[in-house]
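Keeping the supplied structure of chain U fixed, place chain E upon it in accordance with the hints.
Chain by chain, the residues:
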Amino acid sequence: MLNYRLVFQFLGLLLLIEGIFMWLCIPVSILFDDHELLPLGLGGLSSIVFGGGMWLVNLRAHKTLNARDGFLIVSIGWILFSLFGCIPFLLSGEISSFTDAFFETVSGFTTTGASILNEVELLPHGLLFWRSLTQWLGGMGIIVMSLAILPLLGVGGMQLFVAEVPGPAPDKLHPRIKETAKRLWAIYIIFTITEILLLWIGGMDLFDAVCHSFTSMATGGFSTKTASLAYWDSPFIHYVIVVFMFLAGTNFTLSYFAFHLRFRKVWRNEEFRYYLGFILGFTALLTLILSFTEVQSLEESFRHSVFQVVSIVTTTGFVTFDYLSWIPLAGILLFMMMFLGGSAGSTGGGIKILRIVLILKNSSMELKRLIHPNAVIPVRFNRNAVPPDILNNVFAFVSFYIITVIIGVVVMASMGYDLGTSFGAVAATLGNIGPGIGLVGPVENYSHIPVLGKWFLSFLMLIGRLELFTVLILFSPGFWRK
Amino acid sequence: MRIVIAGAGEVGSHLAKMLSHENHDIILIDVDEDKLRQIGSNYDLMTMHGSATSFSILKDSNIHKADLFIAVTQSEEINITAAMFGKQLGAKRTIARIDNQEYLKFNYKEIISSLGIDYMIYPEMIAANEVMGLLHQTGMADLVDFSRGKLTMYVIKLEENAPIIGKTLLESTPKGELEFRAVAISREAATIIPRGTDRFEVNDHVYVITSAAGLGDLLKYSGKEQYEIHNIMILGGSRIGIRTAKLLGKHHNVKLFEIDREKAYRLSNMLENTLVINGDGSNMDLLTQEGLNKMDAFVAVTGNSETNILSSILAKQMGVKKTIAEVENIDYIKLAENMGIDSIINKKLITAGRIFRFTSAFDVSSVRCLTGTEAEVMEFVVKAGSKVTAGPLMDINFPKDAIVGGVIRGKNSYIAQGDTDLKEGDKVVVFALPSAIPKMKKFFN
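The listed protein sequences derive, respectively, from chains U and E.
Sequential numbering of the first sequence, starting at 1, is according to the numbering used here.
Sequential numbering of the second sequence, starting at 1, is according to the numbering used here.
Bear in mind the hints are in silico, worked out from the structure with no lab data behind them.
Where hints are given, some of them may not hold.
Here are the simulated lysine to any residue pairs, SDA-like style, with alpha carbons at most 25 Å apart [as the list claims (entries may be wrong)]:
{"#": "1", "chain 1": "U", "residue 1": "K178", "chain 2": "E", "residue 2": "S147"}
{"#": "2", "chain 1": "E", "residue 1": "K59", "chain 2": "U", "residue 2": "A258"}
{"#": "3", "chain 1": "E", "residue 1": "K17", "chain 2": "U", "residue 2": "L2"}
{"#": "4", "chain 1": "E", "residue 1": "K383", "chain 2": "E", "residue 2": "S147"}
{"#": "5", "chain 1": "E", "residue 1": "K224", "chain 2": "E", "residue 2": "S238"}
{"#": "6", "chain 1": "E", "residue 1": "K59", "chain 2": "U", "residue 2": "R262"}
{"#": "7", "chain 1": "E", "residue 1": "K35", "chain 2": "E", "residue 2": "N23"}
The following block holds chain U by itself, in its conformation from the complex (with noise of 0.2 Å):
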């Protein structure tokens, strides 16, 4: 049985604390004084008003959270988040369609970073900030931070943890779930903070600086430039990006290990030794490929493979060069790194390197199983072997992923368009990851998408930052059932 005034009373806080965040980008646009007072303030009322109501209404509601419960609150959440969050684009008259608006906004709550702005320039500082900020904050996830700093739903937390944190199965930094998610939140801040300082001294100035930690924190991938970072042409710049989408689509448990100087336990992580291998691998091949290709110096060529694999694997989806632009080959490899996805229990999108992984390792133990049939031979995962019911869920999700993209394919081609710009753009949404190839690509946008292409996209980009099951649950009869 649903808790429907439990749900409404936490939905209420969760805007509560959107409309507050909107109102902390008023300082930003008095700073610069781009009149956007009123959208801003306006935004964040709403938000405020209509939150604060809906937790005041049902704040008698009985305190039992079950899984059903924290599911829909987490769709249900990220859905009102983004129709909130787009009121100031809409507001200020920036942004004038409300389709355009809400896609830019969900694609930033997703921390896709797929943009429907032709000159993102063109958009004043306040509505800029906040459009990193949606990221930011849908980088670690809003509910994630409600957990840390409201002191409520002891027994239902876990459920709404399990629902909004990427990956198959979160870790515990502590016994509470509310000191797990502070000291992740705080790892984030930690980092984000370190980001800003070192993007300043590398010659950003301040603003573009936290824009881009706030988004690249969050795998993001919104710039406050059209051109991306390809705008600097600052090797040291491009290397601390790269350095802290690293760190994002790295498992933030691993930092937390990291921060207490256990380093053997990050080594011994097999999903994150996989994880460097990939972008080793990768960038390895593409700088060869480059070097032999383009004309340019060999740390030109190393400084824009290494970022533009980080950038895909991680799924930002920042870009320092339009990466179609080269031979074929390098953009289909690019093209197939978008189906890796960060670690689990990073702010990456994706499949995520530990499902690839696992669905790797049972494949090639079952040619071993032909060969020897009555062996028993489990698939290991970090030295421990994988319970039957995690590779399950694995091989269901990576199945619903494949069955969206085809899906998606189909409806974008439904649309007119081609193979290669249907390919790209469902697996750049769903994959949270932002630019794709074909008409969607690095110095594209998403502005000539169709009304209905942009309602499909931001459904693909819901669904995929809160792992399809979250989302797909709610279209299965079983769970209205009572």
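Same frame as chain U, but now just chain E:
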């Protein structure tokens, strides 16, 4: 408080859930991953898969930061080893569940504490002692002794013949010095602290605190009779069953049913004064043949709550006056009481009560978690300068969801009334609903 619990069995999981609910940080260790997943996904605690006697697992659980380590796996050897390791690795206090009375003997206390085990708990023995107490106080559904019986809390189920039915608390209270006092009534699913105008009803479970001298009057008021127990049938050769049979010894006529043939042989060797019968306790013919209708008491302590409940109801219908059933499923307890079983015992609640004093934020000398209600009854020692000494009980704003039932001062005991003044060194018995437990800290510290 940070608490590491080894063993996610019945007792371990119950402790983990309860303590996590009381806002302690819980880490639960077990070798069975399925059990852990079930608890871990529903409760706010951390689970760790592995052996409780493995150093690396204990270290991973950050045991050096733990305030309390509770080892309650199925095996006593594992518990003792784990507790020793836990202490060496830095746990502040350790508790091990044991299965052997020898360890509790006073002579060995020093050896055990030098090993690093602060407290040993033997739930089956405590349960058997409770069964013994219930068999001696046949009219009562439950009882808790304080300070060696100077005060006792009895739980009485009111039948239609009880003289106080329909009367208010005020009407049924005699003038002058009290010898007993009703501190709570549990009716259907709710427990209330009665005020002057609350009436007693049929099927109420009334919680009464009494001094030894008040017992006679208490029985008269509640329409209960004491009768001697001679013939006892015990169902199930579980650890509780064996302990109870041993304690009842040669002064009673005890028949014990055990379904497993080999176990029955072993039991017959261990229990020389008990007639051990190998057979299925749910087989009515067998029970009747062994004279169930002539029994004074029937104690059902098989590992299966359903069997215990059903066979106790059958025994009651056959005319057995006192039935006691072990019900481990907490949700069944109220149900079983309403179906007419006289007394219920529950190992988890017993253990939880014993461990409570290690985890509570205030000094409490003993606690009993009661079956059939969420409330707890506890004994505090009054400290100098604490808030309860500020004046007569009626003037200090004592929480409404708790009540001071009695006071033990030196060798004497009194029933508390509104004008009672508490002094340093008094032991007080407090009955508290769950909502009141956090407030106790303010009054007794």
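Requested in this report: Taking the numbered hints from earlier one at a time, note which ones the structure violates and give those numbers from smallest to largest.
Outcome: Numbers 1, 5, in rising order.
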